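Colleague: In the order they appear, the protein sequences are chains A and B.
Quick note, the first sequence lines up with residues 18 to 108 if you use my numbering.
Quick note, the second sequence lines up with residues 8 to 263 if you use my numbering.
Hints were generated in silico from the structure; no laboratory data involved.
None of these values were measured; they are calculated from a predicted model.
Even glycine gets a Cβ: it sits at the ideal position worked out from N, Cα and C.
Take these hints with a grain of salt, some might be off.
[As the list claims (entries may be wrong)] For the chain A half of the interface with chain B, some residues (derived, Cβ under 8 Å), not all of them: (1) Asp30; (2) Ala36; (3) His44; (4) Thr45; (5) Gly51; (6) Glu66; (7) Glu68; (8) Ser69; (9) Gln71; (10) Pro88; (11) Val89; (12) Arg97; (13) Gln99; (14) Pro101; (15) Val104; (16) Glu106.
[To be verified] The calculated SDA-like cross-link candidates involving lysine to any residue, where the alpha carbons are at most 25 Å apart (straight line), are: (17) Lys235(B) to Gln38(A); (18) Lys140(B) to Asp151(B); (19) Lys235(B) to Pro85(A); (20) Lys235(B) to Glu74(A).
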Amino acid sequence: MNERTRGGTEPPDDYLEAAIQRLLTEHTAIAEQGLTVTRRDHSLVVCGEVESAQRREEILRLVLERFPHLPVTVDIGLIRTQAPSEVEELR
Amino acid sequence: MVIRIAAVGDVHMDRDVLGRFRPALEELPDRADVLLLAGDLTRHGTESEARCVATEFGNLGVPVVAVLGNHDYHCDEVPRVIRVLEDAGIVVLEGTNLVVERDGTRLGIAGAKGFGGGFAGRCASEFGEPEMKAFIRTTQAIADQLGEALREMDCDVRVALTHYAPVPDTLAGEPLEIYPFLGSYLLGQAIDSAPTELALHGHAHAGSERGTTPGGVRVRNVAHPVIKQAYSVFHLHAPQAGRSGKVSAITRSGSS
Ligand SMILES: [Fe+2]
Ligand SMILES: [Fe+2]
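Produce the complete structure using the sequences and hints provided.
Modeller: Have a look at this one:
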């Protein structure tokens, strides 16, 4: 099954990754350039790390809102902010 | 003499991030002599996001020196962003420098945002359409300022701070196709035009930590998603006359 056959307002799947990548970067509520979007079988996987849990939720919400018929897996982590346990000596 | 440098880039602050870095930052005075911020301090470059940066990274008890990144330019509020940061005591470098003295050792920091263009043999050229020429001229002008800012400092140890990458080494992990948007060899050339000890940058969220310029300057990508901690700490040993060769070593903090 090909997304292209679904009709409606969805972009053809060859352009889907580009459309989602641009949504992630250019949508004011997201503005993430460091996420990757890949198609796995018939679903879409958004991977990467963000600075807050709210951002992860917002990404999931907006992707679902824009592409309601796509099965989406969001595998996004929160970047850790602990103090370093090591230092690098540069001589 | 050792200078302790803490650094992080790409913290992309907004209200939802407030307080996340603070516990680790409170330890800074015990761990470092200075904190360097390698750009993309905010999400969209608004004045209100800059206030979040000021709240999180102001009043730390160590000097804080920053460059801006592409995200900090997005809303065209750069002068206001800079004013908010500087009001909080954060020094913003843009083709400029600052010398900080620590126990008699002078640490010179030259900083610039930088820009793209790509790396030797695989880069854009100042040729053709006006837009393409403007792209490379922008990078060249910034690199020229960075080189000048590095060379003119009277100091014992020189550090270069940029947002964009000066070498491709620290981009490993990013798609090759986007390297020209991640940095430029012109920045590396500027860094190599002075006896620089360390070059720090951010921007490449999927890149890797370590690299070297063709001239042998150590380069570190301190983008937050790369270092996966609040900041990294580097102990820079001021160069001594007659000694040659460079050694990098990781040690547990608190062990020395
Ligand atoms: Fe960034
Ligand atoms: Fe950036």
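Colleague: Going through the earlier hints one by one, which of them does the structure break, listed in rising order?
Modeller: 1, 2, 3, 10, 11, 19
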